[in-house]
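**Student:** Given the sequences, and given the hints that come with them, work out the whole structure.
Number of protein chains: 2
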Amino acid sequence: MASEAQSQTTKYDPNFTRSVVNSMGPKVPPRLRKVLDSLIQHLHDFARENEITVDEWMAAVELLNECGRMSDDKRNEGQLLCDVLGLESLVDEITYKMVTEANDLPTATAILGPFWRKDAPKRQMGDSIVMNKIEDGDHTFMYGQVTDYTTGEPIEGAELDVWHTAPNGLYEQQDPDQPDMNLRGRFTTGKDGKFWFYCLRPTSYPIPFDGPAGRMIQLMDRHPYRPAHIHFIIKAPGYKPLVTQIFDRRDKYVTNDSVFAVKDSLIVDFLPRNGDPKAEFELPYDFKLASFEQAKKSGVSGTTAPSASL
Amino acid sequence: MASEAQSQTTKYDPNFTRSVVNSMGPKVPPRLRKVLDSLIQHLHDFARENEITVDEWMAAVELLNECGRMSDDKRNEGQLLCDVLGLESLVDEITYKMVTEANDLPTATAILGPFWRKDAPKRQMGDSIVMNKIEDGDHTFMYGQVTDYTTGEPIEGAELDVWHTAPNGLYEQQDPDQPDMNLRGRFTTGKDGKFWFYCLRPTSYPIPFDGPAGRMIQLMDRHPYRPAHIHFIIKAPGYKPLVTQIFDRRDKYVTNDSVFAVKDSLIVDFLPRNGDPKAEFELPYDFKLASFEQAKKSGVSGTTAPSASL
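Heads up: the protein sequence lines correspond to chains V and E, in order.
Last residue of the first sequence: 310 in UniProt numbering, with the numbers rising by one and none dropped.
Last residue of the second sequence: 310 in UniProt numbering, with the numbers rising by one and none dropped.
It cannot be assumed that every hint is accurate.
List time: in silico DSS-like cross-link candidates among lysine-lysine, alpha-carbon distance up to 30 Å [unchecked claim]:
| # | chain 1 | residue 1 | chain 2 | residue 2 |
| --- | --- | --- | --- | --- |
| 1 | E | 278 | E | 133 |
| 2 | V | 11 | E | 34 |
| 3 | V | 235 | E | 11 |
Calculated directly from the structure, the hints in this document are not laboratory data.
Here the structure is a predicted model, which is why all the values come from computation and not from measurement.
**Tutor:** In structure tokens:
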């Protein structure tokens with residue numbers, strides 16, 4: 001493989017890639033220069049090693065342009081295309097990697113995904129995020145505690161931003177039959193760091209299949225399903241925001257997620273709940289956050305919350 | 001550099017990239033499997049070697065989505081972004097590379113660029129493609145012959161599709177003050193393979209600067225100028241279509257084209273023309289085409305004309 005790539009590569013102008021990299025002027029900041037240098041090298045190596053033709057390249061350009069045309073404030077197709085190629089999960093791993101020396105670990109992260117919306121409604125502990133009457137959903141009481149991962153102390157004022165799909169597999173912004181902001185909510189912990197609310201046991205669903213990401217999934221002869229999961233962003237003053245998902249162990253796609261986001265520590269069990277007319281299941285799960293201080297000390301880099309530009 | 005990349009790489013899940021590649025099902029055709037395997041490997045290596053963060057990746061996704069949003073039938077921003085990274089010139093080189101054993105070579109190719117339009121007006125030999133009165137343009141009489149690159153015989157029925165910028169540096173579709181299809185035309189050769197028409201001596205110009213490609217040029221601290229050039233697509237029955245550009249030797253950007261398309265054999269001289277009230281310059285240039293037979297024999301792969309999907 002390497003020798004094949006080598007012999008293909010040497011057919012072409014050996015100075016070309018260097019000339020493109022060297023076209024960069026003196027004012028490019030060091031980090032950007034390093035990233036662009038590497039990007040150009042990888043792009044060109046990819047083209048040479050595979051002898052990409054003009055027609056193949058143009059088909060890829062059209063696929064990328066179509067991602068942009070389909071994207072708006074409710075849908076990010078470019079992101080979804082990266083997701084099916086494993087890229088969001090990989091940069092998530094890179095960004096949040098703790099140095100291996102850390103004795104204990106905060107809750108693992110998982111990708112944000114394209115369905116988060118800002119300004120989800122603020123709710124009281126004990127409320128339900130289910131806004132319409134759903135007869136066929138498995139109502140679930142979720143509860144737990146947000147703690148400092150080093151001290152184990154409860155964290156006051158932690159905001160849980162939670163969202164998941166309806167039983168039909170659709171997020172509310174994909175589904176005109178759901179109320180705006182259905183199955184979304186933000187909850188803020190008190191002194192004890194505890195949280196409790198009602199939601200549904202989520203449903204596995206295919207990623208949107210009508211655009212370039214869906215076409216890529218088809219080209220790769222893969223299924224488009226994500227295992228059932230609940231999304232969270234958890235923020236608290238002085239702590240690194242945590243973006244994660246938890247996955248239903250009983251879901252048949254838990255071992256082959258179409259966007260490669262599952263981690264063992266994020267797999268959970270929905271337990272039968274007795275004596276609560278409002279829920280058939282209960283779901284205990286705790287979140288452990290790293291303070292900015294700890295994160296700095298143990299080598300976590302980058303930010304973890306969606307930025308304002310999203 | 002290699003060892004640095006290596007040590008960064010080993011921090012991360014060593015099985016992740018393989019698991020994404022292996023998610024491909026059995027029905028993926030071999031060529032597509034090879035290309036996607038390599039694409040995923042390069043994308044992931046790039047992310048690991050540079051420790052790309054979620055925020056950096058999301059900025060790139062937004063840049064790509066914006067390319068799509070800006071693209072329409074008159075503008076292809078995704079293509080332009082590739083151009084400033086040298087990728088279109090590279091796939092052009094790959095696609096049209098002749099095996100080195102070929103004794104003679106047809107005319108070299110150059111990138112199509114984003115400004116070609118289909119159905120340019122058909123014109124008669126001797127016509128001008130200048131549709132409005134341009135006082136400040138350098139009118140030029142271009143002439144030459146289209147021949148078979150092996151036999152040297154003239155090619156009858158060869159269509160030259162030609163386009164270039166106005167003196168203000170704009171193609172007609174970028175400029176509401178130019179008539180539709182200004183400075184574009186299609187000419188068909190007779191038995192002698194000869195062509196002759198009037199055009200302008202073209203002007204160097206910046207690539208469009210108001211989108212993501214322009215932003216990339218700025219990020220790279222580079223100038224956005226292309227050396228003055230005239231575009232051609234030449235098609236004839238039985239011959240491989242030729243997509244190329246010819247460049248004015250006197251242009252100051254001829255050695256540092258912002259999209260890396262210049263080749264030595266495509267650099268031309270505009271000569272003073274005497275006794276013609278319609279032109280101050282003349283430009284002799286011949287085009288040599290490879291037949292499909294010859295192209296196959298000597299190893300040229302791929303097609304060279306813009307496909308219907310453009």
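**Student:** Against each hint, give a clear statement of whether it holds in the structure.
**Tutor:** Checked hints:
Only pairs whose Cα atoms come within 30 Å are accepted, and residue 278 of chain E paired with residue 133 of chain E is accepted, the gap being roughly 12 Å. Restraint check for residue 11 of chain V and residue 34 of chain E: satisfied, since their Cα atoms lie roughly 19 Å apart, inside the 30 Å limit. Annotation: proposed proximity of residue 235 of chain V to residue 11 of chain E holds, straight-line Cα distance about 27 Å (limit 30 Å).
Hint compliance for this structure: every hint is met.
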